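Engineer: Listed here are the chains, written in short residue letters.
2 protein chains.
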Amino acid sequence: MSERVADYLAGQKGAILERLLALIRFPSVSTDPAFAEGMRGARDLLLDRLRGMGLTEVRLLEPPAGIPGGQPAIFGAWSGAGPEKPTIMIYGHYDVQPADPLELWHSPPFEPAIREGRIHARGASDVKGSTTIAFETVAGFLAVEGGCPVNVKLFLEGEEEIGSPSLPALIEAHRDLLAADAMLSADGGGAAGPQPALNIGCRGICALQFSLRTAAKDAHSGKVGGAMRNALHEMARLIASLHDDEGRVLVEGFEDGVPPLSNAQRAEAASLPLDETAWYAEFGASPFGDPAYTVRERTTLRPTVEVNGMWGGYTGEGGKTVTPAEAHAKLTMRLVPGQDPAAAQAAVRAHLERHAPKGVTLAFSYRPGGTRAFTLAADHPLRAAAAAVLRREKGGEPAVTRLGGTVPITTLFQEKLGIDSLMFGLASPDEDAHAPNEFFRLSSLEEGLRLWPMILTELGKLRAADFRRS
Amino acid sequence: MSERVADYLAGQKGAILERLLALIRFPSVSTDPAFAEGMRGARDLLLDRLRGMGLTEVRLLEPPAGIPGGQPAIFGAWSGAGPEKPTIMIYGHYDVQPADPLELWHSPPFEPAIREGRIHARGASDVKGSTTIAFETVAGFLAVEGGCPVNVKLFLEGEEEIGSPSLPALIEAHRDLLAADAMLSADGGGAAGPQPALNIGCRGICALQFSLRTAAKDAHSGKVGGAMRNALHEMARLIASLHDDEGRVLVEGFEDGVPPLSNAQRAEAASLPLDETAWYAEFGASPFGDPAYTVRERTTLRPTVEVNGMWGGYTGEGGKTVTPAEAHAKLTMRLVPGQDPAAAQAAVRAHLERHAPKGVTLAFSYRPGGTRAFTLAADHPLRAAAAAVLRREKGGEPAVTRLGGTVPITTLFQEKLGIDSLMFGLASPDEDAHAPNEFFRLSSLEEGLRLWPMILTELGKLRAADFRRS
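Chains P and C supply the protein sequences, listed in that same order. For what it's worth, full-length UniProt numbering labels the leading residue of the first sequence as 1, then goes sequentially. For what it's worth, full-length UniProt numbering labels the leading residue of the second sequence as 1, then goes sequentially.
Chain P with its partners taken away, still in its complex shape (with noise of 0.2 Å):
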């Protein structure tokens, strides 16, 4: 069944990457009031495509009122295949980044241009061309086959790349119209090219904020140096406490929770290869980090407490002879699956609140609660699924990986819908997402043309039972 859908997407090749180009040439970009004729004009885009595919229930969801960024959610859905299948969400988004700085383009962010076998244009690679093969592939089994393997509920974010400001309650309205047994991601994943990867899980993210002071105002560092605490002074030393030598998190109870790395997880962490010499000299850095572990559990199985700015005092040209009185930092934490965001959150506070001597106060800001770290479990259908396509399309096992970074909506689905996800993306690391000159490959629209029919059909191999687990 699935060779007869990728039979037929290979020969409409052409008209899939036309409407790819079409829905290119929308500015979508959501940060930006100025884009909402761009972001109305991929909508509409889409509306058709969805409605005139065959899709039901095809509608925007609005954002909740007041939030300020929301944009409207794109549904649609496809339910022929019976209560006993499986009922599959399949995500994507239709927002994009800004396209600046434009000098650096070297054609038209909206004017997609194919050089190369790389499609360059902004929202290419993210995530235009993977959401389009998975709606492209819907499409597909629906003129060929006249129905679905799964069941399907199609959801079109549109605030993904402003941090989806009202997607928890834009998800918690529509909570019926969203049920689903699982989620098919179009954004993020490895599917792409020679050595493919699951990725089944990343790490977690909280954040805080704080002003450190310790006097009224600033004074003159003549009149006052050697008598009065300097805010930068105690500032580092704050900082400097939350760390060991080698990058240890040395903060009580951040940890708790967390257990140690089992050998399950560590033999995962070695299924992908790490070069980690070249690895390093990307970055032109230094090994460094906890060396009980690996790079790769560095960056996705271990926490992490960063300062991401710091700053205090006089920095512009020149010198100036103050003894600041206030300091400044934002810091983030990495969390690992057994963290709680807020508890983490609460253990740095602490820690800061009980190494500030008297004398320092400390107020702190920014964003409460945060966002779990996400794990597909080892026996989730959806990775066997996965697992078998790739194992078939590109022969071996797949690696098994996960990501260092943060995609909140694994969690949000997970925490408010109860249903787990994949990332089944065919976006490439190298393809600058975000960046100037953003592309995206014909080879891995093609490619993902093979894999999403062959997954939906996996799927279709399911019960709806399947996916309801204790």
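Hint data in this document are derived by calculation from the structure and do not stem from the laboratory. Be a bit skeptical, because a hint or two may be false.
[To be verified] With a cut-off of at most 30 Å between alpha-carbon atoms, the simulated BS3-like pairs for lysine-lysine come out as follows:
no.	chain 1	residue 1	chain 2	residue 2
1	C	416	P	223
2	P	358	P	223
3	C	223	P	416
Since the model is a prediction, treat every value here as computed from it, not as a measurement.
Chain P is fixed; fit chain C onto it per the hints.
Structural biologist: Just chain C, lined up with the frame of chain P:
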């Protein structure tokens, strides 16, 4: 002799005030080329006055070509006291700070307004008021007595507010013209008020700026966090290594050459009482610093290493999940007698280099050299003369104190011309120098016109040879 001159100056008070106000009306802002006309106007007025009072060799000393910001100094001499009498350099400056922010002034900064016994104007306190007292005193002696008790060399700088960029070269170029036995400065000092203090020294200073690098470029904290050095963590660790918990400097070799405080130094430091509780309360700060020393000692007789600015990573609104590759810090070191600025700077630099781990590179910049601490020796004739004057005018022994800040001219005149300085200005610390609504007290003008005739008379009791000690 000084009484007759003081009486004369008291009678001339109205005319002297008018001349001071005329000088203040010239906006002689040295840092901004837009005020060149104001600088020229102030110079012309002063040249006229010095010639009019009977000084010889009245002229501009032009700054060496090619030094940005260079401004001519004004020179005038009177040598009628004869070679047996000491030659006293009188120092002042005719340039002023910018008046910004203009909107905070209650009356225009260059239209002096007298309210409640205070002249409100930019430059009134710093330092046209005290400078006028100094040269009008010389004028008084010439008018009443036909001569001064000492030979006089008046030197009025035009670059004090911009850090005297060409002063060292200008002094070098005019060593013979500027030869003198001692220097009396109208800038600095605390002769005014009910509790006068002899400022007999100041701390020196040197500076250091450095950038720290951990990688060739910033990286995504999700991708690398846990396995890549963070420049902000490393900066924090380096800065934290400079001091212990109580603020003692931990830099090896930094205090080389600094003898333990003598009983005489400690007694002098105690001679001007300091209410430490009130002092900390003024800054809204908690007590801090090496408990082996009083606050007065910590701020005047102990050296410091002070971070004036520190920054790196993302410092804008919201957050950015970056692992920064670069961080920056600006440091100044306050120096005490016995410390060599270059050696102190080198010690701090060596400490930072020694404490930077492998994989962290440091790049240093900013201001080589520096200024040594200055001390007027206990048996220096300037000190005895000033003490005698204050004793007579105020009753009781004047306090002896040191500035925690740095007055580079004291060291410069000592190093280049071999002469020691006493700061004998009439400005008070509450007069908002460098700030909006700067003012100078009319009572300080009157007091200065009594004290300066007395100190020149006192110095006139000495022979030039008294200043030429081994």
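Engineer: State for each hint whether it applies.
Structural biologist: A quick look at each hint next to the structure:
1. C:416 <-> P:223: Distance ~27 Å between residue 416 of chain C and residue 223 of chain P Cα, so the pair holds.
2. P:358 <-> P:223: Roughly 22 Å separates the two Cα atoms, so the pair holds.
3. C:223 <-> P:416: holds, 27 Å
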